[in-house]
Amino acid sequence: MTSPDPPAPGPLRRPLFGAGTTHAVRVALLGVGLTVGAAGFTTYEYYHSPYWDRVGVAPAQPVPFSHRHHAGELRLDCRFCHPTVETAAEAGMPSTQTCLTCHSQLFRGEPMLQPVMASAADNVPLAWSRVNTLPDHVHFDHSIHVAKGIACASCHGDVADMPLMRKARALTMRECLACHRDPGPHQVAAAEVFRPSGPGLLTSSATSGEGSGRGNEAVPRPLTNCSTCHH
Amino acid sequence: MNTLRTEVAEGDVPNPADSGETLASVTERVSRLPLARPRSRFWWAGFLAAFAGLLLLLASVGWLFLRGVGIWGIDMPVAWGFAIVNFVWWIGIGHAGTFISAILLLLHQQWRTSISRFTEAMTLFAVACAGIYPILHLGRPQFFYWLLPYPDTMGLWPQFRSPLVWDVFAVSTYATVSLLFWYVGLLPDLATLRDRAPTVGKQRAYGLLSLGWRGDGRHWAHYERVYLTLAGLAAPLVVSVHSIVGLDFAVAILPGWHSTIFPPYFVAGAIFSGFAMVLTLVIPLRKVYGLEADITDRHLELMAKVLMAMGWVVAYGYFAEFFEAWRAGDLFDRFAAVNRTVGPYAFCFWLLVACNVVAPQLLWPRAWRRRPGVLFAVALAVNVGMWLERFVIVVTSLHRDFLPSAWGMYRPTFWDWSTFLGTIGLFVALLFLFLRLLPAISMAEMRGWLANREASE
Amino acid sequence: MAPPSSILGTSPGTARLSDEFPPGAPHWLPDLDRREFLRLMGASLALAGLSSCRRPAEKIVARVVPPDRAFASGTAWYATAMPWEGFARGVLAKSWQGRPIKLEGNPDHPESRGATDAETQAAILSLYDPERSTGPRRGGQAASWERFEQEWTARRPEFAARRGAGLAVLTEPTTSPTLRRELHALLAAWPEARWFQHTPLARHDRDGWQADFDFAAADLVLTLGADCFHRHPAALRQAGDFFSRRRRDATRRSRLYALEPTPSLTGAAADYRAPVAPGRFPLVLNALAAALGGRAPSAELTEPERALVRDCAARLAGGGTKGICIAGPEIPEEQQRWVDAFNARYARGAARRLAAVRSDGDAQSGGGLGELVAALDRGGISTLWILGANPAYTAPGDLDFSGALRRAEFTVHVGGHADETAARCGWHLPEAHFLETWSDLRAYSGAATILQPLVEPLHGGRSPVEIAHLLRTGERRGARELVRETWSRGVEDASFEARWHEWLDRGVVEEAPAEAAPAAAAASGLPLLVEGTAAAEIAVLFRPDPNLADGRWATNAWLQELPRPFTSLVWENAALVSPATAAKFSLRNGDIIRCEAGGRAVEAPVWSLPGQADGCVTLPLGGGRTAAGPVGSGRGFSAYPLRAVREPWERVVSLRPTGGHRDLVTTQGHFTMDGRDLARTVPEENPSLPPAERTEAVALFPTWPRDRYAWALSIDLDACFGCSACVVACQAENNIPVVGRDQVARGREMHWIRVDRYFSGDAANPRVLHQPVPCMHCEQAPCEVVCPVGATVHSSEGLNDMIYNRCVGTRYCSNNCPYKVRRFNFLDYRAPAESGVYLQANPAVTIRERGVMEKCTYCVQRIDAGRIAAEKENRRVRDGEILTACQQACPAGAIVFGDLNDPASRVARRRRDPMSYALLAELNTRPRTTYLAKILPASPLAAQDGSRPDPQSRADG
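In the order they appear, the protein sequences are chains A, B and C. Under the working numbering, the first residue of the first sequence is numbered 18, with each subsequent residue one higher. Under the working numbering, the first residue of the second sequence is numbered 9, with each subsequent residue one higher. Under the working numbering, the first residue of the third sequence is numbered 366, with each subsequent residue one higher.
In short, the hints are calculated from the structure, not lab data. C-beta atoms are modelled at their ideal positions from N, C-alpha and C, and glycine is treated no differently. Watch out, some of these pointers could steer you wrong.
[Unchecked claim] Facing chain A, a subset of chain B residues (Cβ under 10 Å, in silico): (1) Tyr158; (2) Pro159; (3) Asp160; (4) Met162; (5) Gly163; (6) Leu164; (7) Arg202; (8) Gln211; (9) Arg212; (10) Gly215; (11) Leu216; (12) Leu219; (13) Gly220.
One chain only, chain A, in its complex shape:
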């Protein structure tokens, strides 16, 4: 029922709302719903996107070092430049002297090599731009992964095809977990570990990593203990 006594003197001259108002309101309501939904979806996609994770990004380097040339064509062993990959948490970066083992003879005059020569001459270290990075609260140990037969390529991709080093994988926790939950398929023979263009691992299972509701499984899985990486 409407109010018993209309306040306005005489009948309204024109209706309060136009004919289309109802539709307008409906569309508006629908629009609000869609906007909210779209916002959520976009956010999700953004943070799950390679863009956010900088996959494929090859930052500028003081020296345009080509893994394709050194690791791919010349077949230099990874350990030649990353000496502590089997013994320490950090794989280690080549010292200027390491570069000079060859370049004291080869291409000495090349302009692109001048930063190396300068570094050796003035004893000033080269500062490379980091390509693959993990958050501060993640403790990753190269040596044990290598020892357990996880190929470099599993995380670093096919460096033999990288003129400039670029980030090959998102390296999200989801990816780490995917492999830690079921490492078997990703392990290779010791000989394979340092093959620059290793089998493109993880790609399939990477995104299918499902969360564990209670943060720990009924079956003991040392690899999925939080303290395996976080301490």
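Dock chains B and C against the given chain A, drawing on the hints supplied.
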């Protein structure tokens, strides 16, 4: 006409008609508040005072986010303080509205009509205040969303065994349903305001809000179906929300928390404090806006009865805690019980007994139940008492638990108090806005009720 | 643990480190590796944890020259020593990428034997102390070494001419052969020059010899106010030896009796302890002598005294008992002779005399501070060098050192900090930290250690050795050269290099053992001591502060915030009085008293300490520093003004309450167990707990299936004597922040392992129970079920993992933790990003940001490292391969960590011990941390011999 029509038990039921209300007079009286805005000076004074409180809240929260929860008095072992106390207190207050609107509706308590709208609004605002705290009290509030299940890049989910996760669902559900329930109930009245609004602007505003309500039969049919359904949904929520809040404590192994009595006793306490708050607000309100005809002394008396009944349930809860401690004979439980009554915080405990158990006993004589002054005082006491109850549960249980070496004290800081006062400011400010903009009493239901009365004569 | 790697020349990587510290500006430059870089950026990065902002681009800085192999992994260990009151504490220093980050005991060192104490653990922080002296100062103005060298070379000829007349050197007593060589050479060159020595702390030698005891051999130990497990140069060895006799497999449990006026950690470990005011010592000792002679005690003894005397006498009577008696340094000579007689008669080889190791009694030395001040007042001294000491602060009140100092025209202070003395000297020169320079020190036993640097001096400091050489010759020579010169004497060059490297490697110099001084002639009997009349007046006792010693550690925030023994006081000292004395003057804790003697007074807040002898007030030294930076200045009161040259340890005073009050801050507010059986004890006759209490009830949640390892920790309350080395070791290992006095007052201290202290029995002479409480790592952890985000979860190896970066800070876990071992970052407790202390941070442990919970992890970073090492070799982790930081530090071997799945592991054997129990087992949380109950001695009457029933049934500890 109105299928809210119910078989009315004669005599005992208060009825505005007895105080000479008619269809027209009800509508006129109630719609004057938003449209004619009487008692403007009182409104402004009250609103500005409350708004100052709101600003205080903003300042406190700003400082909190800047420095961290360390600005509060919490420590080890008392890691929960005012934030949780206030959260539980506000949630409790937020129970009266839905209880009155939904449960009493289903129980055919027609007298609820005059107070349902107002208490529903109160419920919403109280839940709004409560909802702030769980986020504020986080050490890293920016990550509150980790309590929600969503597909993250870490491949993790919330830990569903934790009562805090249950809280998230319980409280948000309750807030949503209460909001819908309240808004749906508002529709016919919004239409009334639209039709009576003096200016086109207001007509448009109320018009939009009323979603094109024209009051024809189909509208009423839908309206009542929805309203009943929501009532049916809301009723169990009234029980579930505070049961789960009770579980926040009962699930813990802490002496003084680890008790099976908590869920029912929390629900009773919630309704207890809810009704107390309703009385605290309604008594001055009806006086200021002259609504005695609609919210009659008889209403107050009935609410007083509910208050007493719930008071006894709560008192039983206290008793049960001590009895259990004694009967189970657990060293730590017994100590916790004794520590409450004679420990450093004993004064809080005895004050709460005075407020929650003794004060309501004033309402035995019928005459006193009908005396607004007395009722108001008792209601105020119960509000304080229920806040103290939560303080006693949270703080005195935590400050001396298992290892004497780890015992400590809790001393609230300025920021504890300012945040608390701030949320009161928010609550009152919202109430004043509500009074200014929306009908405080459901005109539609009142008219329907009067109509029944005429029809039944 | 990696073995110590020897190093050649200065340690590799120092060049890089010194890059990070431009002299005078101790702040990092961004050429750090990823983790350290991010950590230092932490404040701006992690703050508010803006998960949505892109990470900044980082640089990886490669080396120019590949590093030393030992260093390639980033971590290297070096054997060196820390000076403790001049004596060596052998340590292994851990260096990470050229940055010293942790000190551990050197297992090869005869005194430390792999253990450490709180001071040694905290020493690493002092290296990065922002308050350290950053360069030479002249009249308070920044100056340069060059300028100083010019001035000194200008002055030297005059001394050369006058054979050193007018030149005086003040040092702390030292054990450094090289430093002594330099000083002797100086005095040889300039006979008129004077060398004085000053320390406010105890001397450990008497006319040329020092007592040395074999606690492993002794069956009975009687201490007279000696804190031989805590404040003694040989404390680590003595504690280790003594508690080896309390292991579960020790067939004969040795007895410890303590007579002391003020509670000490040694006294707390005693089977029988009696609080005895110094005046009563002769009386009690005579009574003991009488009892040993079968006579009745002449005077009236208190109940604790009688029990002690009776039991001690009974055991000594039993023939072959080897009994030793150790007197505190403050015991008067007469009683010292009684002690000598006792040892001569009962020690039976467990006591010997060593030639004094420290230079206190050096024949060349011209005496102490008193003599120096006298000489200054005579005006005979124009130039004074002060090496290391801080007499302006530590001088006794009746000695006006500062006044006398003004009479010298050229004064040089050499010290790590620009302290009170530096402010009064013309020149201040920064002394290098012991991890920055070459030197050599001897331990109490005489064993010498070559100190080697891990980093170049951060602030251009120099070693005292270098400075002594500069003083003597006016030339600058490297400390390494000087030290090598000392040790190459009498060694043919061919073998020297090899031996030198071996010495560096082991951390101990191979040399002929110090010749023992002639033992005292076995006295016929114990001398009768003159018994004074019972003193009515109040005496104050001056004692080194348990944490700050004589104040030298005042700038060390870890030691300031370390709860003191018995009182758990932090950030300040208090005057200790017995409850009876407190009642007599109606004093509450914190009430200010005024002690007055000889026209000087000290005002101090009191703390009523059960077990303190009535009628004495203990004033800990080391408080009330005025020039110790924000950390050390104005903490508590200084007792030195009341001290007198003649009465350094005890003084009769008039005491009155001033009516003032100061709220003291303690980490433990409640020192009784309230009828709860927490720190448990068992009688010696029947050392086991009822089996019923050791069975587990059923659990609601499914029990965790055990994976390859099941880590567990066992703490032996019978061995723990409460030294708190574990607390600081944990702090150093796990990057635990310092929160400051106000936060501790609010109950927000952050220590992951705390030492609970409970007093039981008579307040006049209570039994003190120390109970270290780390995380229990419950198998049914209450904290895990209530965390809404799964930030604390159970690992498959039984650890209760805490993941900081998942924590949202509901603090529900702490509420639900019955042991209250969780710690919360209520505010941002991280040091400012630019402060050097981050360079000490352990890179394997995340630094926690504001609003996250943290707690003991069983040093999970060490577990992971150990597991990885084992996995790489395809083997299981060996028992004892992984040590937690607390376990590694513990001098008494009270803490054992290991794998329960290996039934032979020490921890598994301990858990089978009938004395093993879980704290609050009735809650059925099934802790992985368990305790071994403390053994209380049999009643004195029943006491016959200490052998325990069927030792076979007892598992090894």
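Do the hints match the structure? See the list:
1. Tyr158: holds, 8 Å
2. Pro159: holds, 7 Å
3. Asp160: holds, 8 Å
4. Met162: This hint holds: Met162/B lies near chain A, its Cβ roughly 4 Å from the closest one there, short of 10 Å.
5. Gly163: Because about 4 Å separates Gly163/B from the closest Cβ in chain A, which is inside the 10 Å limit, the hint holds.
6. Leu164: holds, 5 Å
7. Arg202: holds, 7 Å
8. Gln211: Since the shortest Cβ distance to chain A is 5 Å, the answer is holds.
9. Arg212: Since the shortest Cβ distance to chain A is 6 Å, the answer is holds.
10. Gly215: holds, 5 Å
11. Leu216: OK, holds: Leu216/B within 10 Å of chain A, min 7 Å.
12. Leu219: holds, 7 Å
13. Gly220: holds, 6 Å
Comparing the model with each earlier hint shows no violations; every hint is respected.
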